[in-house]
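J.: Chains as they are written, first to last, in my numbering: chain A, 1 to 270; chain B, 271 to 470.
Hints in this document: simulated from the structure, not taken from any laboratory. Given the structure is predicted, the values throughout are model-derived calculations rather than measurements. C-beta atoms are modelled at their ideal positions from N, C-alpha and C, and glycine is treated no differently.
In silico contact screen, one side only, chain A against chain B (beta carbon under 10 Å); selected entries:
{"no.": "1", "residue": "ILE77"}
{"no.": "2", "residue": "HIS122"}
{"no.": "3", "residue": "ALA137"}
{"no.": "4", "residue": "ARG172"}
{"no.": "5", "residue": "ALA193"}
{"no.": "6", "residue": "SER203"}
{"no.": "7", "residue": "ARG207"}
{"no.": "8", "residue": "ALA231"}
{"no.": "9", "residue": "HIS250"}
{"no.": "10", "residue": "ALA267"}
To be clear about the criterion: a stretch of chain B counts as covered by chain A if any three or more of its residues have a C-beta under 8 Å from a C-beta of chain A, and this derived list gives those stretches:
{"no.": "11", "stretch": "296 to 308"}
{"no.": "12", "stretch": "456 to 469"}
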Amino acid sequence: MSRPILACACTLILSTPGAADDAIMDFIDGRYESTASIARTIWEFAEVGYQETKSSALLQEELAAAGFSIEAGVADIPTAFVASYGSGGPVIAILAEYDALPGINQDATASRLPIEDKHAGHACGHNLFAAGSIGAAVAVRRWLEETGTPGTIRVYGTPAEEGGSGKVYIVRDGLFDDVDIALHWHASDRNSAAARTTLANRSAKFRFRGISAHAAGAPEKARSALDAVEAFNFMVNMMREHVPQETRIHYVITAGGNAPNVVPDFAEVY
Amino acid sequence: MRHPEARTVREIWDRVENAARGAAEGTGTRVDWEIIHGNHPLLINETLARMMDEKLREVGGVTYSDHEQDFAEEIYATLNQPELGLGSQREVQPYEVTLGYGSTDVGDVSIAVPTVGLNTATWVPGTAAHSWQSTAASGRSIGFKGAQVAAKTLTLAAIELFENEALREAARAEFDARRGGDFHYEALLGDRPPPLDYRN
Numbered sequence: 001m002s003r004p005i006l007a008c009a010c011t012l013i014l015s016t017p018g019a020a021d022d023a024i025m026d027f028i029d030g031r032y033e034s035t036a037s038i039a040r041t042i043w044e045f046a047e048v049g050y051q052e053t054k055s056s057a058l059l060q061e062e063l064a065a066a067g068f069s070i071e072a073g074v075a076d077i078p079t080a081f082v083a084s085y086g087s088g089g090p091v092i093a094i095l096a097e098y099d100a101l102p103g104i105n106q107d108a109t110a111s112r113l114p115i116e117d118k119h120a121g122h123a124c125g126h127n128l129f130a131a132g133s134i135g136a137a138v139a140v141r142r143w144l145e146e147t148g149t150p151g152t153i154r155v156y157g158t159p160a161e162e163g164g165s166g167k168v169y170i171v172r173d174g175l176f177d178d179v180d181i182a183l184h185w186h187a188s189d190r191n192s193a194a195a196r197t198t199l200a201n202r203s204a205k206f207r208f209r210g211i212s213a214h215a216a217g218a219p220e221k222a223r224s225a226l227d228a229v230e231a232f233n234f235m236v237n238m239m240r241e242h243v244p245q246e247t248r249i250h251y252v253i254t255a256g257g258n259a260p261n262v263v264p265d266f267a268e269v270y
Numbered sequence: 271m272r273h274p275e276a277r278t279v280r281e282i283w284d285r286v287e288n289a290a291r292g293a294a295e296g297t298g299t300r301v302d303w304e305i306i307h308g309n310h311p312l313l314i315n316e317t318l319a320r321m322m323d324e325k326l327r328e329v330g331g332v333t334y335s336d337h338e339q340d341f342a343e344e345i346y347a348t349l350n351q352p353e354l355g356l357g358s359q360r361e362v363q364p365y366e367v368t369l370g371y372g373s374t375d376v377g378d379v380s381i382a383v384p385t386v387g388l389n390t391a392t393w394v395p396g397t398a399a400h401s402w403q404s405t406a407a408s409g410r411s412i413g414f415k416g417a418q419v420a421a422k423t424l425t426l427a428a429i430e431l432f433e434n435e436a437l438r439e440a441a442r443a444e445f446d447a448r449r450g451g452d453f454h455y456e457a458l459l460g461d462r463p464p465p466l467d468y469r470n
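Just need the whole structure built from these sequences, with the hints factored in.
T.: So, in structure tokens, the structure goes:
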């Protein structure tokens, strides 16, 4: 990576843990049932990206009940919201995600057990992400009020993390412009605050259109969209040899015709 | 298509588009495409990450009840080559600077504003994301306890940031230096509207 590596400001003095911290930890411990209830309810909803209507509504209700003002449907996304408490700066933002993944279905059991009629599941733990972030926001809001500290605590309800890039639209609309620091977390199999960067990415659906005809009777009249997908994939796969080592390229063919004796006039690769 | 640098993703992307045009030309078909999503890499902030690490250590990890231990042992037996042992949910992993090969839309937040996060042990150690085992733990008390660790750590971090102006300024200075003075935000997904029906 070409980024300069900076010496970190390790000499900064952080506050030492004390009685005030203990009181806040006790407060959060006392809210365990609330965290569990939010997490479990959203887990049961298991709504996929941009369709998190009930999950988003539940989170907004919880935050409104805790004294946050809510702006819903931000960035032209019905299930996105910004919840705020306090006034002026500094402005600290906590992110919340709540979309489930399609195609995975599992009960909360220690052995493989799909739930009947379910088509999505919280395999990335975004139900926990939402519940934990709301728990923190409510505790911080209480601390701001009790101590009379100036500033604003916000929760950003950010839909469709899984392949929908919900946050990008919220950033693009400038909704983070007055934020000082943004905080987030993620479900995992470990506790870690390692500084972990990720890869930039871009995806697209490439749609090829040709001409259908009988694959044996009149192939000379046809132009196969599936051939185009195969030629495209072949070229991109050869390209792997001539890109920087850290590049990742992956694809699925999402449409490639329906019957072998019909030359496909439409094919799509994603 | 992914790479650590947004600039390189754009460069390779142009070649992918050329390949699509070439494939259409050579097969007598037409092609168009729709960008579905795009994310910037996560811009780390070590000033904030070290602070978060300290808060996480203050809070500590996840302790299982006997019942949860039984569940965890049963799940653990089903895992494929787990990297971590049972019991590591009580510990905090060493601080380090790393590269993950995934992508997240938190990346775009992190180049708009100084950003920091953490992971907590909401799943049985060794569990992979997007698995039935992660789904199961996300709906149970093991997951809820992990969420509580996150809630506590984020709360302590937020309070520190409200109280500590020097920390906020140092984080901002590191952010400005890493992002570069001539930075101009451009979403990798361009100007498309949110694909509200992408899961239909």
